[in-house]
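Got chain A sorted already, so can you dock chain B onto it with the hints?
Residue numbers (numbering that gives the first Met the number 0), protein chains in the order written: chain A, 0 to 182; chain B, 0 to 579.
Calculated from the structure, these hints are not laboratory results.
Possibly wrong hints are sitting among the right ones.
Stated by the list, open to error - Pairs of lysine-lysine residues, derived as PhoX-like cross-links and limited to a Cα-Cα distance of at most 25 Å, are as follows:
(1) B:Lys569 - A:Lys108
(2) A:Lys108 - B:Lys185
(3) A:Lys25 - B:Lys185
As the list claims (entries may be wrong) - Selected chain A positions facing chain B (Cβ under 8 Å, derived; list incomplete):
(4) Phe39
(5) Gln47
(6) His48
(7) Pro57
(8) Pro58
(9) His60
(10) Tyr62
(11) Thr112
Built from N, CA and C at the ideal position, the CB exists for glycine as well.
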Amino acid sequence: MSQKYEFTKEELAEIEKIKAKYPDKKPPVMPVLWLAQNKFGHVEPEVQHLVAKTLDLPPAHVYGVVTFYTQYYGERKGKYVLDVCTTLTCQVCGGYEILHHLEEKLGIKAGETTEDGLFSIQSVECLGACGYAPMMQITNGVYCNHLTKEKVDKIIDDLRAGKLPEYENMPFYQHGDPEPSKS
Amino acid sequence: MPEIFIDNIRYEFEGKPKVLQFMLDQGLDHPFFCYHPSLSIPANCRQCYVEAGTPVMNRETNDWELDENGERVIRYFPKLMTSCSLEATDGMVIKTHRTSELVKRGHKDVLEFILMNHPLDCPICDQAGECPLQIQTYKYGPEGSRFEHKKVHKPKRIKLGPRVILDAERCINCTRCVRFTDEISKTHQLTIISRGDKNYPAVAPGTEFDDPYSLNTVDICPVGALTSADFRFKARVWEMNQTPSIDITNGKGCNTDVWVRNNLVLRITPRYNPDVNDHWMPDIGREDYRRMNENRISRPDLKLDGNKIKSSWSNAEMTFAETISNAKPEEFLVLGSAFSSLEDNFTLQKFFKSRGIENISFVTNIQKGSGDGFLMDDDQYPNTNGCRMLGFEELSPATFKKKVSGGKYKVIISLEDDLLGREVIDTTDLNSAFFVYFGSNNNKTSEAADLVIPISNSVETPSTYINVDGRCQRTVPAKETIYTNRKLNLEMSVGRLDRYGTKFDNWVSDRNRVDCIPGWEFLERVALLDNSNFGYETSEDIIHEIAHTNSNFSGVSYEAMDEQLGVQLKVTKETKEKTA
Numbered sequence: 000m001s002q003k004y005e006f007t008k009e010e011l012a013e014i015e016k017i018k019a020k021y022p023d024k025k026p027p028v029m030p031v032l033w034l035a036q037n038k039f040g041h042v043e044p045e046v047q048h049l050v051a052k053t054l055d056l057p058p059a060h061v062y063g064v065v066t067f068y069t070q071y072y073g074e075r076k077g078k079y080v081l082d083v084c085t086t087l088t089c090q091v092c093g094g095y096e097i098l099h100h101l102e103e104k105l106g107i108k109a110g111e112t113t114e115d116g117l118f119s120i121q122s123v124e125c126l127g128a129c130g131y132a133p134m135m136q137i138t139n140g141v142y143c144n145h146l147t148k149e150k151v152d153k154i155i156d157d158l159r160a161g162k163l164p165e166y167e168n169m170p171f172y173q174h175g176d177p178e179p180s181k182s
Numbered sequence: 000m001p002e003i004f005i006d007n008i009r010y011e012f013e014g015k016p017k018v019l020q021f022m023l024d025q026g027l028d029h030p031f032f033c034y035h036p037s038l039s040i041p042a043n044c045r046q047c048y049v050e051a052g053t054p055v056m057n058r059e060t061n062d063w064e065l066d067e068n069g070e071r072v073i074r075y076f077p078k079l080m081t082s083c084s085l086e087a088t089d090g091m092v093i094k095t096h097r098t099s100e101l102v103k104r105g106h107k108d109v110l111e112f113i114l115m116n117h118p119l120d121c122p123i124c125d126q127a128g129e130c131p132l133q134i135q136t137y138k139y140g141p142e143g144s145r146f147e148h149k150k151v152h153k154p155k156r157i158k159l160g161p162r163v164i165l166d167a168e169r170c171i172n173c174t175r176c177v178r179f180t181d182e183i184s185k186t187h188q189l190t191i192i193s194r195g196d197k198n199y200p201a202v203a204p205g206t207e208f209d210d211p212y213s214l215n216t217v218d219i220c221p222v223g224a225l226t227s228a229d230f231r232f233k234a235r236v237w238e239m240n241q242t243p244s245i246d247i248t249n250g251k252g253c254n255t256d257v258w259v260r261n262n263l264v265l266r267i268t269p270r271y272n273p274d275v276n277d278h279w280m281p282d283i284g285r286e287d288y289r290r291m292n293e294n295r296i297s298r299p300d301l302k303l304d305g306n307k308i309k310s311s312w313s314n315a316e317m318t319f320a321e322t323i324s325n326a327k328p329e330e331f332l333v334l335g336s337a338f339s340s341l342e343d344n345f346t347l348q349k350f351f352k353s354r355g356i357e358n359i360s361f362v363t364n365i366q367k368g369s370g371d372g373f374l375m376d377d378d379q380y381p382n383t384n385g386c387r388m389l390g391f392e393e394l395s396p397a398t399f400k401k402k403v404s405g406g407k408y409k410v411i412i413s414l415e416d417d418l419l420g421r422e423v424i425d426t427t428d429l430n431s432a433f434f435v436y437f438g439s440n441n442n443k444t445s446e447a448a449d450l451v452i453p454i455s456n457s458v459e460t461p462s463t464y465i466n467v468d469g470r471c472q473r474t475v476p477a478k479e480t481i482y483t484n485r486k487l488n489l490e491m492s493v494g495r496l497d498r499y500g501t502k503f504d505n506w507v508s509d510r511n512r513v514d515c516i517p518g519w520e521f522l523e524r525v526a527l528l529d530n531s532n533f534g535y536e537t538s539e540d541i542i543h544e545i546a547h548t549n550s551n552f553s554g555v556s557y558e559a560m561d562e563q564l565g566v567q568l569k570v571t572k573e574t575k576e577k578t579a
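In isolation and in its complexed conformation, chain B is listed as follows:
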């Protein structure tokens, strides 16, 4: 196997890796700015310098040439090489800053050049704390600047598009954003204009950066030049905690991180998953943080004589139990939801199966033609495949409307799905029935419901979703409800503010916690009233049971999903046909 020597340590490699990527894969730290594993390699920042040499081949003996000590003779490249664009070859010798003073000096001098016109506004810059330039200057940079002249001034606060704002002075012209629009989103909207020390990225005059993936450029910007119009100046990075999650605004199920401060989700960023979304996610998924924070249902709502009142949990449980015991099985319409998690859907199915109701249906939300074949799918709901695999009856909005109108159902029970908001049905369809709605946000459907059960959303309880390609992925709780506690639930991440703040500090808030429980927990509690409960204590118990009782889900567990970035399930022929 070909070998490469990095800082006098031998490594073996396969294929034709680039030296920088190979070093990063080995866990060796090396500075770089313009390189990105998913983009082309322009080698324009010059930060990833190494000393590189190849052994000299004796053409006669066809063997390495040796010196008097029996060591291989190494012929070094005359100048420092950019490791990002340097392909590893057999026997190559690499010296990094760890062993070479020259490379150390090179890194320092390149940084001095990059910083020459870079403003010193880290204290007010959004990128501070997660800024490669800041980190690498700290690690490899010069201690001071020798530049005594006025820095070049460029435009600030340019609104490139509806979601992205540019501060041209901070830009180091790595062209990651330009390459992103050229190679990944293929809208070609950005370019670098002008030249020399005056250049910065821009859109063509008369156009705007309205790329549906535009916010990815903010993520890959190695400095604070591109910032999100929505998130800028909202929080310092170190005040938030970061939790892995799944984007549920779309059937694709992009892997995300949610960033939480004081129990408010402040931003959503993509998380690397080579099998689903690589490093990217659509802008629309990042808007979803509002749904997680705002307009939440807290405490159960009950309709009494047409007036909504807040009810206690025990009252809600009793009302629910009474309602279902007063109706005959054929008078029930039980709706799962492709918007809700596998846990909730499965418990709903199990709950009603034990009460003689086998048929559970769900209403699809597939907008034909709205997908782009990349990270936005026609399917607007994250768990359509999950519902199919559980064996729910799939109803198109039109068939459902036909089914529900006519008033033959006395009791309608629905997991979170804004049927009225997306105009599948209207209030007249529900008039004759007692409508129970499990939801986490106030909407038209919750307004029309007779009993509203507030349930935890995907960032408050572990939720599993199966995306359009059959990948089973789960979220991790990031946001506390009034019944959960970050410091007691070891799965939740604890940030600096959570750890050291107290609710008596004026920068920590104990508010923003919603009075809600997971949907499955409510059903478990109702079942407990007549001692027919299932014994679920955590959502993990449910997934364990699904995996062991339904062959569609064999191999699924939280550990497997966490370790392998989701579990790939077989999409059965049935489900595939239906999707097509």
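Chain A with its partners taken away, still in its complex shape:
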């Protein structure tokens, strides 16, 4: 099954280093899945079996971990994965409106990928940026905060042009304070 996917010698050495950090067999599964996802761009079942075999763990356990975290891509995703937060704070501040706007704009539903393979949308749980709601994360990287429909449109256009948005400097501010200048 894992014929197609292999770790190189250097990667195996890296995995050994990761394993040495933990007393048990189970904890390394997460960093090793990261390593695999960075290498292959996804952790499809075949990669999961490879990880399980490498760490001598039951494949079912690896599968459980992959499906628990939306950050692991258990199937192939688009180049840009847009994780729109829809947990309480974002939801109250319009997370679903952003999500539905994205769905309409890209013509796909949450959990799907556009035909050109450029975008995937996921509706995810809290990403710990409740102060900047509503927000989304792009491919496990940049956080885009204080989303509005216009801002989303601009981000999509930029991404189509191959330009990732920059990390935003988000100072803490309270209601009533002057809005921070958008970087």
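Same frame as chain A, but now just chain B:
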């Protein structure tokens, strides 16, 4: 001795029991889902809440602190505690739903949460009637649901493996099945996938749940999420009656319950016996219900000029008596069977001993390497030790083949053992002899036999077996033959259908009863022809005689076997060596 107060009643305890298990041991009813006495304790269903407190110790006087009324001051845990994971300590005070409104409310609210996404399909659910969720909702649950939204939908009818089907919507994520594969069968095939309200158990992609013990997860599933691919939709639980029995597909002799409706065994489930199989049994033993129902021999078969005909019982008895009186003792080959009960084997031995034939042998069926060291043994037959203890000559298939070929035997008599089917011998070995076969199922051996005596199987007559570890256990009749009657034989269980149905109802069937008698009864009847019978009226008489005449079996009786879940016998050095 340390004490614990549960609902204002004092109990003493030893060791370090968990509060839930202690309450259950005292016969106190308490709701729970995820806890299982043989598995680890994750405390994830939160159903077994209690209020718990410990007395305050005065560190100076080293004694309990007392209030103005002279009562111990109790310091309660700030929140409700899950009793399954709470260890009992000296002086602990527990309040359950019987005395605490808070606990009552807690049980109700947890159930409301569990039921939030649980489908209301009890009327078509296999688990209904034996469903902890259903029972506990009835006892402790809220009267209605306040949940007005659409329930979360999850996949249904997922074939996890060849024998287990999952309905993910019914799952309450107690993880009993996952813990079973992790801790008991150790195949680690199941896991809970996804999270939040979307999670349910699954196997890794590209694999299937083909664990040889997979059906145990169906038994321990507290809801109808995991169902048996074979049994699902066959019967409602309350239509069947349940009878204790023994698994005879293997030398281990797992304790089982057989579930019967209209005289058909519909399923076999494990029965708790801490000395043999705990709560578990292998899947293969559950397949055995087919043998009990299907392809049965009904009425004696006689071969006349190469044609099989059905014969009357008296004709079969006369033919048998004539055959044995026409041959010399050295022309006999009498075979007991490790597949047959102790009762039949013993009567066979006694019958032929009184006719001058001392040597009785049996053919083993030990598949080296097929066992797994857990509940499947190399020995494929349930009574190998019983035959050894009766003093039968033990023959390996190869030695037996050598012995039987050559045609020096005129008469071969064999208790149930499919010698041809398992390719120990072939028909040419039997050509020169008159072959009498006592069996309950049609097979190659019964086909080759000149006289076939249909005998009751392990679920039609009480049958005793001695397992590989020397444990003597017996079955209880569960299925009627045409000569037995559930309502007259007080040992047989009577279900609702048996009690209230009549054969004129279209949901009750009087069929499925086989024309057969226990093997020992046939021998008793033949012996009666020349008045040399033994006076056995029930199989219990035989066990009584064995226990009092053979020192290997001292202490064995039906009562002892029933009360102590089997009687442990000493496996003699001889038998042990042979086993090894």
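Hint-by-hint comparison with the structure:
no., hint, result
1, B:Lys569 - A:Lys108, "violated (69 Å)"
2, A:Lys108 - B:Lys185, "violated (40 Å)"
3, A:Lys25 - B:Lys185, "holds (16 Å)"
4, Phe39, "violated (16 Å)"
5, Gln47, "holds (7 Å)"
6, His48, "holds (7 Å)"
7, Pro57, "holds (3 Å)"
8, Pro58, "holds (4 Å)"
9, His60, "holds (6 Å)"
10, Tyr62, "holds (4 Å)"
11, Thr112, "violated (19 Å)"
Violated hints, in rising order: 1, 2, 4, 11; the structure is consistent with all others.
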